[in-house]
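Protein chains: 6
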Amino acid sequence: MPIIQINLLEGRTTEQKRKLVVNVTEAVVKSLDVKPDSVRIILQEMTKQDYAIGGVLAVDNKG
Amino acid sequence: MPIIQINLLEGRTTEQKRKLVVNVTEAVVKSLDVKPDSVRIILQEMTKQDYAIGGVLAVDNKG
Amino acid sequence: MPIIQINLLEGRTTEQKRKLVVNVTEAVVKSLDVKPDSVRIILQEMTKQDYAIGGVLAVDNKG
Amino acid sequence: MPIIQINLLEGRTTEQKRKLVVNVTEAVVKSLDVKPDSVRIILQEMTKQDYAIGGVLAVDNKG
Amino acid sequence: MPIIQINLLEGRTTEQKRKLVVNVTEAVVKSLDVKPDSVRIILQEMTKQDYAIGGVLAVDNKG
Amino acid sequence: MPIIQINLLEGRTTEQKRKLVVNVTEAVVKSLDVKPDSVRIILQEMTKQDYAIGGVLAVDNKG
Chain G
1 MPIIQINLLE
11 GRTTEQKRKL
21 VVNVTEAVVK
31 SLDVKPDSVR
41 IILQEMTKQD
51 YAIGGVLAVD
61 NKG
Chain E
1 MPIIQINLLE
11 GRTTEQKRKL
21 VVNVTEAVVK
31 SLDVKPDSVR
41 IILQEMTKQD
51 YAIGGVLAVD
61 NKG
Chain B
1 MPIIQINLLE
11 GRTTEQKRKL
21 VVNVTEAVVK
31 SLDVKPDSVR
41 IILQEMTKQD
51 YAIGGVLAVD
61 NKG
Chain W
1 MPIIQINLLE
11 GRTTEQKRKL
21 VVNVTEAVVK
31 SLDVKPDSVR
41 IILQEMTKQD
51 YAIGGVLAVD
61 NKG
Chain H
1 MPIIQINLLE
11 GRTTEQKRKL
21 VVNVTEAVVK
31 SLDVKPDSVR
41 IILQEMTKQD
51 YAIGGVLAVD
61 NKG
Chain V
1 MPIIQINLLE
11 GRTTEQKRKL
21 VVNVTEAVVK
31 SLDVKPDSVR
41 IILQEMTKQD
51 YAIGGVLAVD
61 NKG
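Residue numbers (this note's numbering), protein chains in the order written: chain G, 1 to 63; chain E, 1 to 63; chain B, 1 to 63; chain W, 1 to 63; chain H, 1 to 63; chain V, 1 to 63.
Chain G extracted, bound-state conformation (with noise of 0.2 Å):
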C-alpha cells in the first residue's frame, strides 16, 4: 500500500525511469516487507524553471 511520489529535473530517459521504479520499489518491499503489487509510484518531473534552491531557479544555477 505505500504510495511514492518522486519529483525529479526532467530529463530522464525511459529507460532511467524503468530502472528507477524497479529499484525503488525493491527498497521499499524489502524495507517495508510488502508485496511489490501493493507499492505504486509517481513520478513528477520538473522543468528547471520550477525548482529553485535558495531562492535561485535551477534554470539560473551556474553554480
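It cannot be assumed that every hint is accurate.
Across the chosen pairs, the derived CB separations fall in these ranges [unchecked claim]:
1. W/L9 to H/K62: 13 to 23 Å
2. W/P36 to B/E26: 25 to 35 Å
3. G/T14 to B/D37: 21 to 31 Å
4. E/T47 to W/P36: 18 to 28 Å
Taking lysine-lysine pairs in the DSS-like style, the calculated list, with each CA pair at most 25 Å apart, reads [to be verified]:
5. W/K35 to W/K48
6. W/K19 to H/K30
7. H/K48 to W/K19
8. B/K19 to V/K35
9. E/K48 to E/K30
10. H/K62 to H/K19
11. B/K62 to E/K19
Over the 10 Å line for every Cβ pair with chain W, so calculated as not near, a few chain H residues [stated by the list, open to error]:
12. Q16
13. K35
14. P36
15. D37
16. T47
To be clear, the hints were calculated from the coordinates, so they are not data collected in a lab.
Here a beta-carbon is modelled for each residue, glycine too, at the ideal position from N, C-alpha and C.
We have chain G; now place chains E, B, W, H and V onto it with these hints.
The following block gives chains E, B, W, H and V in isolation, referenced to the frame of chain G:
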C-alpha cells in the same frame, strides 16, 4: 475548505474532467457538509512513463 | 489507478470519513469509467494551526 | 529544510517565477530562522482544464 | 488561487506559524499579483523520524 | 535534488524507517546518478481511518 488532488493517467477529455470535478465536488459537499465554493480540486495528469505499479511502468504494462 | 488526496480540517468522525470515501470513490468510478478497486484515497487532516486562507490561520479566523 | 510546493495556474513568465521563489524563500527564512540554502521550492503549473473551484473548471469560469 | 504546501520539521509555535503564513502570503501576492484571499497555505509538520537527507533520518543527524 | 514523499500506514518502528530511507536513497542514487546528499525523503504516516481502497477504509478492511 477541502483541497483535493487527483492523480490520473493522461488522456481524458475536457468533458470527462468537467464531469469528474462536478461529481467529486458533489460527493464531498454531501459527505462533509461544506459549501460547494469551498471545494478546490487539482487534477494532475501522469504520462504512462510516469506511473508504476509493482515496479512496472504503465507504458510497459501488457497485463 | 486514480490516487486521490483530500486535505481537510481535523474533527471528522470515522463515520463521516467512511461516507466520504464511499461517495468520492463512486464519483470517480462513474466519471472516469475505472474499477472501484483501482481508486485509492488518502485523507490528510490539518489542525487549525496548519491551514491558512489569506494569511490567516484557521484558528484565528473569527469570520 | 522546508520543502514548499506551490500550485499555480499556468502562464507565468520565468521572470515572475524568479521573483516568486526569491520572495517566498525570503519570507520563509525570516519567519522560521532557517538558512536560505535549506529552502527548496517546487512550482507546479496547472492548466485551466486541471483546476476547479466549486465544481467548475477554471477554463469554464466566466465569473 | 495559488495553493501552497509547506513541509517543515515539527516544533514551531503557533506564533511562528502565524508569522510564516502572513509573510508567505504577502510574498505570493506581490510576486503573482493575486488577491490575498485566493492564497491557501497548508502546513505539514514532520517528526524527526519522518524526514531524511542523504539516507539519514533527522533524528539521527548529529551534524 | 530528487524529493521523495512516501505515504505509508502508521505503525512502523524507527528502525524500519531507518532501513527504508537508507534503501530508497541508495536505489535513487544508483538509478539517477545523483549524490546521496541531494536526496530528500518525507515519510507521511496514515492512520487506518485515513486510507481507503475501493471505497473501504483500511480500518474496515477484513480482507
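Enumerated hints in conflict with the structure, sorted upward: Violated hints (numbers, rising): 1, 2, 4, 5, 7, 8, 9, 10, 11 and 12; every other hint is consistent with the structure.
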